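Peer 1: Make the full structure from the sequences, and use the hints.
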Amino acid sequence: MPGSLLSVRGLSKEFGGVKAIQSVDMDLVEGVVTALVGPNGAGKTTLFNLICGHISPDAGEVQLAGRPIRGERPHTIARLGIARSFQDLRLFGRMSVRDNVLSALEPTAWLWQPGGRRAARARLHKTEAALERTGLSALAGARAVDLSYAETKFLSLARILVTEARIWLLDEPASGLDPVSRARFVALLKEAVAAGVTVCLIEHNLDIVTELADRIAFLDRGRKLAEGEPAAILRDPELIAIYFGEPRR
Amino acid sequence: MTAYLLNLATLATIFGILAASLNVLIGYAGIFSVAHAVFFGVGAYAGAQVALNLVPDVLLASLAGGLLSGLLSLCLALPALRVRGEYFVAASLGLQMLVVTVFSEAHSLTGGHGGLVGIPPASLLGIDVSSPWHFLAVCVGALALSLVWIAILMRGGFGRGLMAIRDSESAAEALGKNVPALKTIAVAIGCSLAGVAGTLFAFQLAFINVESFTLEQSVLLMAMVIIGGAGTLLGPLVGTLLLLLLPAALSFIPFIPATEIGTVQQLVYGLAMTLLMIFRPAGLAAPSTGRR
Amino acid sequence: MLILQLLASGIQTGVLYGLTAAGFALIFGATRVFHVAHGATFVLAGYAFVLGAQAGLPWPVSCLLALVVAIGFGLFMDAFVYRPIQRHEGAFFTVFVAAFGASLVVQNLIQFCVGRGSVSVSTPLTRASEILSGLYIAPVFWVAIGVSVALFALVTMFLDRTDAGVALRGLSENPELLRAFGLSSRRLSALAFGIGSAMTVPGAILTAATSGIEPAAGAHVVLISLAAAVVGGIGSLRGAALAGLLLGITENLIIAVLDTQWSEAAGFLVLFAFILFRPSGLFGQAVRR
Amino acid sequence: MMKRRTFLASGAATLAAWRAFAQTQSHVVGTLFPMSGSNAEFGTLYTNAVQLALDHITADRMLMSPIELRSQDSQATPQGGAVGMTRLATVDKASYVLLGFTGVSKAAAPIGGRNKVVMINGGGVGPDLATLSPYFVNIIPLANKEVTVILPWLAKEGLKRVALIYVDDPLGQSINQEFAAGLPKQGGTLVGAFSVPPTQQQFGAIAARVRDVKPDAIYFATPIGTQLSQMAKQLRDNGITQQFVTYSVGNLPSIVAQPESEGMIFTGQAADWASNEPKIKRFVEGWRTKYKAEPVTYALNYYNGLMLFAMLAQGLERAGTPVTGETLLAELMRVRTFQLAGGEVTFDEHASASSAIQISRVHGGRSEKIG
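Protein chains in written order, with the UniProt record's numbering: chain Z, 1 to 249; chain F, 1 to 292; chain G, 1 to 289; chain L, 1 to 371.
I should point out that these hints are in silico values taken from the structure, not numbers from a laboratory.
Computed from a predicted model, the values in this text were never measured in an experiment.
Everything hinted at is true.
Some chain F residues flagged as far from chain L (calculated, every beta-carbon gap over 12 Å): (1) D57; (2) S170; (3) L234; (4) R280.
Coverage of chain G stretches by chain L, computed from C-beta distances (three or more under 8 Å per stretch; other residues unrestricted): (5) 10 to 18; (6) 119 to 126; (7) 130 to 142; (8) 208 to 220; (9) 245 to 257; (10) 260 to 274.
Glycine included, every Cβ here is placed at the ideal spot set by N, Cα and C.
Peer 2: Pasting the structure below:
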């Protein structure tokens with residue numbers, strides 16, 4: 001597909017006989033926001049895990065800007081410019097908010113850091129800026145486990161924000177937020193998209209999906225059932241029936 | 001009296017290094033090793049052999065002890081990369097038991113149960129440092145260096161990387177951390193420091209045998225770190241002082257029958273471990289939990 | 001004949017290892033508590049039996065006493081040590097340290113109250129006689145096998161047939177369920193501790209009869225249980241029991257070629273190898289890396 | 001099993017020692033025994049022996065200044081030995097320390113030597129203890145001497161095939177060497193030597209191997225009493241009916257009392273409890289009244305250990321020489337031969353004692369001298 005930054009071809013994964021993902025094709029086009037939609041257990045998170053290398057696929061191909069990345073270790077894939085968030089956030093609980101973000105800026109943290117003091121100061125600067133944007137500046141010294149729910153969501157975003165990754169894979173980033181926080185959150189995402197980030201998000205809240213997404217990929221039981229413009233997908237009665245409660249076995 | 005206090009202070013310093021080094025694993029990297037006495041022992045034997053056969057130079061012997069322990073730490077890093085949690089504890093237990101057998105059977109290297117006797121008095125770059133004051137100074141120096149080295153590492157990106165892995169391995173990976181490399185280095189650092197402590201221990205006692213490197217020792221070390229506060233710089237030192245000075249302090253209490261001191265001490269130490277874990281699981285030196 | 005004799009003594013050790021390990025596995029599987037104080041349960045049960053017998057109680061009463069002490073201690077640990085810690089959302093290591101501390105307390109209390117040497121009961125059951133040329137078997141051999149098999153069958157039946165048992169097994173086979181059960185699993189966890197602790201009793205009593213029991217004997221028991229539980233696949237009772245049996249046999253058979261120093265080490269080498277190459281154990285489901 | 005009374009007694013002693021802290025006139029004698037852990041049975045036994053000697057010395061008014069006992073727990077480990085010895089030497093300023101156990105002795109010897117403290121070993125019998133330090137005195141004959149006594153006896157009894165079960169430490173290794181070298185000279189053979197770790201508790205498998213080599217006698221070389229009793233019980237349980245032989249460790253009360261030890265032969269210093277020699281008689285009767293039990297040679301060693309101190313100090317006091325470790329050692333090396341309970345003891349140039357070794361047999365829960 002033209003402009004495809006990340007392309008997934010024929011990706012499959014089985015867990016003990018259960019087909020979690022069955023030959024899924026998908027493309028993330030530069031600057032386009034794709035929403036992964038589907039009922040629980042459709043395999044959305046598994047798809048993220050396969051792309052990021054947390055799970056190795058049984059078959060299929062993943063390419064980042066034409067370079068095959070299937071079989072690479074997660075940290076290598078991350079360093080190539082794919083950032084992801086987790087549904088359960090997985091913050092670094094016993095570290096401070098600042099260190100959570102700062103740590104995301106040091107992927108190759110070694111016994112010593114390249115660039116010396118100046119680079120270190122730059123990283124700190126960037127961290128403070130990210131905290132500022134996500135409204136966490138006042139909490140920079142607090143431990144992540146001590147944050148409120150909404151604050152943890154923003155911290156998770158801040159960690160991705162600083163990485164300057166080209167692709168963001170976000171797993172229900174805004175779920176459970178109150179309307180005000182949600183608006184703030186969506187605004188931040190839009191800013192990022194405007195700055196050229198390619199976003200793929202898993203989202204159950206269709207309001208957010210319609211507000212953000214340019215395309216929707218619909219997954220059910222490991223298969224991609226449809227992909228297209230949000231309006232078209234959300235009008236398909238069959239998909240809506242699956243989504244909203246066709247009784248599943 | 002001074003000599004007794006000096007001896008105790010030197011031992012406390014050596015165990016301080018040990019606890020601090022174990023803290024790198026337990027507190028920062030989240031690698032719950034109960035095989036730390038193994039690396040203490042490797043360092044002690046290596047240092048003692050250098051002192052016995054080459055020169056009794058603390059620096060050289062410590063280097064040898066630290067290096068060998070660091071190399072052999074791969075035995076611990078390997079399971080640490082494969083498994084976590086209870087499985088890793090089990091693996092390190094296995095390693096500990098295995099190595100104790102090797103220590104007691106490799107007569108030519110370790111002297112078996114008879115141990116290595118007559119380790120010569122220590123010197124440092126040609127200067128005799130075997131007097132209690134001098135040797136304490138050497139040990140305090142080593143402890144200070146270790147603490148500074150750990151503090152610098154843990155304040156920097158490396159430490160943040162380790163703690164990130166400790167708190168969430170998958171998130172750390174997703175942010176580009178090379179988890180196997182970081183873990184391996186952390187284990188190597190912790191174990192080589194333990195090796196240095198082992199060498200100092202060998203010089204201090206002038207006699208070592210396998211009884212100092214058993215599972216009980218590993219558990220004592222672990223208790224020092226946990227009781228003091230894992231993941232804090234000074235916690236392990238607090239734990240070391242408490243657990244090491246406890247028997248000495250108990251033996252000064254006149255109303256405990258001398259014959260029962262050992263039992264009472266173990267009892268107190270066991271009870272302290274259990275109660276602390278129930279009421280203050282983060283350890284004595286850890287800041288109290290914030291809002292929650 | 002040597003091999004046969006070693007095999008026999010391996011089986012006798014092994015069945016008791018297996019039973020104790022299965023108790024450990026049951027507790028770990030159902031509650032995710034790394035019950036290091038399992039060895040303390042074992043020692044307490046052994047001492048209860050010996051002291052009962054020395055006080056002149058008839059042996060079934062002494063056995064019952066041992067059973068009560070074991071179960072009581074298990075329930076005590078569950079209610080007053082593990083549960084408060086879990087309320088604090090302690091990491092598993094916190095549990096490990098607390099349990100270790102408790103074992104130390106038990107060991108030293110026994111030393112203080114009873115004495116430090118080993119205690120044992122004398123019984124004609126441990127006297128071996130030659131049943132084949134060169135093969136000596138003591139009646140205790142059959143007792144160990146009989147009791148272990150019977151008790152194991154009883155526990156498995158309980159787990160298979162009763163509602164509570166099925167729920168327990170569900171927990172150990174699918175740890176995810178544990179989260180769903182949450183703290184409402186309180187009674188189930190007490191049940192697991194009760195049964196698991198009871199499973200140390202035959203081993204404790206027979207050890208007291210064959211080789212005597214000492215305050216520090218718990219450490220070895222825990223190490224073996226732990227090794228067996230891992231090798232068998234954590235959560236699998238059958239796996240733990242079988243692995244315990246195998247460890248006992250290995251420990252004994254290896255003496256045909258090596259000195260005894262290596263017999264314990266061999267068991268831990270097996271453990272280490274399993275963790276490196278097959279962390280899911282013999283029967284376990286795949287664990288997360 | 002130890003008696004509560006002993007705890008109280010030693011507790012009272014400690015208390016008394018504390019009160020006397022300021023009185024620098026008294027002679028400070030230290031004990032460095034394992035008081036906790038699996039070897040604590042020895043520690044209690046040794047402490048009892050020292051207490052009894054102290055009672056007798058006080059009753060006899062042997063010394064002008066009183067003896068003050070200070071106790072440290074060696075835990076039977078090198079580290080415990082080093083810490084305890086340092087404390088005895090530098091805090092308590094003991095001039096004379098009674099200790100035991102090979103590992104403890106090795107760790108304590110350099111410290112005692114540096115601080116000029118005479119160390120009396122009455123329990124550890126590893127042959128490498130002979131030359132640890134000039135200040136290290138062995139009042140117990142070392143184990144290799146015991147083996148030389150048992151070899152002719154084995155030959156005389158026609159026990160030609162000997163199997164050895166030994167703990168793999170210097171003691172066990174030296175016994176192994178002594179047997180391997182000495183048995184053929186007597187026309188016997190060492191048909192099997194099985195080493196075990198000090199922590200081993202199960203001997204069923206060893207029993208199988210021992211039976212497999214068809215020995216006439218089985219020799220146990222373990223320094224740990226509980227282990228010895230396990231070995232004896234489990235071997236008998238596993239149908240091994242041959243002669244058991246061991247060295248002085250067999251003299252522990254718990255072992256002598258055990259039914260499986262019936263008929264076991266052990267060597268040890270000549271100590272004839274039925275003797276009419278007044279010193280030994282006093283010791284035996286004193287022990288029986290005070291501890292309601294039969295004495296053992298280990299206890300005799302430490303009893304003699306403190307008695308030796310009283311004799312040395314008495315000599316020094318009479319000569320007007322201050323009692324220090326240095327003068328005590330000089331006195332020991334001057335006199336060399338002492339009339340202690342159980343007979344004459346002579347110290348060689350390494351300050352290691354040689355005294356007559358006797359062979360005893362366990363019979364009916366008691367030990368009896370057979371040669």
